[in-house]
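Asker: As a plain string of letters, each chain reads:
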Amino acid sequence: MAFWLALAVPATLMISALAQGELAMDLLHPSGELSLRLLVIALLPGPLIEFFGANRFLRGWLALRRNFGVAAFGYAALHLVFYGIDMGAIAPIIAEFTLPAIWTGWLGFALMLAAASISNDAAMAALGRRKWKRVQQGAYVALLFSLAHWVLLDWSWIPAVVHVAPVIIAWALRFVARARRKSSVKGTA
Amino acid sequence: MTRKLIASALAATALFAATPALADGDIACKSGPKDKWQPVTKLKKAAWMEGWKIIKTEISGDCYEVYAHTESGQVVEAFFHPVTLEKLVVIRRGSEIYRKKGFTG
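Quick mapping for you: the protein sequence lines, in order, are chains A and B.
Under the working numbering, the first residue of the first sequence carries the number 1, and numbering increases by one thereafter.
Under the working numbering, the first residue of the second sequence carries the number 190, and numbering increases by one thereafter.
Treat the hints with caution; some may be incorrect.
Stated by the list, open to error - For lysine to aspartate or glutamate, the following EDC-like pairs were computed, each having C-alpha atoms within a straight-line distance of at most 16 Å: (1) 245/B to 86/A; (2) 242/B to 33/A; (3) 289/B to 247/B; (4) 233/B to 215/B; (5) 225/B to 285/B; (6) 233/B to 285/B; (7) 289/B to 239/B; (8) 223/B to 239/B; (9) 276/B to 239/B; (10) 245/B to 22/A; (11) 182/A to 50/A; (12) 245/B to 26/A.
Hint data in this document are derived by calculation from the structure and do not stem from the laboratory.
Kindly generate the complete structure, drawing on both the sequences and the hints.
Answerer: Written as structure tokens, this is what we have:
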């Protein structure tokens, strides 16, 4: 509960800034970036736990993973609301939907929506582990599309690299762990 | 211990990664000293003459920058020369849709 309240603080600040006359346009960056960061945080504990083993810190992080993921979707939705306010009408939104800088964002959002909408135990049981996992893995594709969305809008590579780096490092560690396990299995056989 | 440190460092990187400013500061207007610049009200008029509805104006490097809705509802960011108030570059969602002939800044 306290965790959710903490995650809601930035949203509250953004919405109250909007109410006090801040331009929706100026809230696009903070909401989009926070969404991406939460998504990265949700993607890290899985591979990290495979490398570091299940210590208390990582187990705690893993237990919160779903919350981080759903919160990432929440901020993406808020980002979309700000976008809608900034655009002011449906027609121009549709008109620019085909621009690469825009549809990449929509696709990232759609994938996060899919993952978030089944982020509960009931959906997991109903879908079966494999199918459920497949949809959740869409979060990685969502990350890539969101980063593309950002790069295509701002033409600045550094933020994209900074955000994707932890995920790449975590996966590199995961592969190291897997390779080690394989070689140790061979060694004992 | 080291492992914990690395893990915390990764988490911290994800959370507090620096956020570089918008990358549109790379348009140079070569506009000279600011006391020779036209006032922002004239800039607003120039944008209004385009038929645009202004969202906001700001100074970007040595250029005037206007965020606006065009007549057809497109959201654009445009760079104006602060002295001549000429429209130099117009960007729509990250792609350049207008550049004044011969302008290379």
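Asker: Each hint should be assessed against the structure and marked as holding or not.
Answerer: Evaluated hints:
1. In summary, the hint linking residue 245/B to residue 86/A is supported, as the alpha carbons are separated by about 11 Å, within the 16 Å threshold.
2. Between residue 242/B and residue 33/A the alpha-carbon distance is near 27 Å, which puts this suggested pair outside the 16 Å criterion.
3. Distance hint between residue 289/B and residue 247/B is unfulfilled; the C-alpha atoms sit about 20 Å from each other, more than 16 Å.
4. Of the supplied pair hints, the one linking residue 233/B and residue 215/B is violated, its CA atoms being roughly 22 Å apart against a limit of 16 Å.
5. For the given pair, residue 225/B sits about 28 Å from residue 285/B by alpha-carbon distance, which is inconsistent with the 16 Å threshold.
6. Restraint check: the Cα-Cα separation between residue 233/B and residue 285/B comes to about 21 Å, which exceeds 16 Å; the hinted pair is violated.
7. A hinted pair counts as satisfied when its Cα atoms are at most 16 Å apart, and residue 289/B with residue 239/B qualifies at roughly 14 Å.
8. Distance check on the hinted pair: residue 223/B and residue 239/B sit about 24 Å apart at the alpha-carbon level, beyond 16 Å; violated.
9. Using a Cα cut-off of 16 Å, the hinted pair residue 276/B and residue 239/B holds, with the two alpha carbons roughly 10 Å apart.
10. For the suggested pair residue 245/B and residue 22/A, the alpha carbons sit about 11 Å apart, so the restraint of at most 16 Å is met.
11. At roughly 13 Å between alpha-carbon atoms, residue 182/A and residue 50/A fall within 16 Å of each other, so this suggested pair holds.
12. As the CA atoms of residue 245/B and residue 26/A are separated by approximately 10 Å, the hinted pair is consistent with the 16 Å bound.
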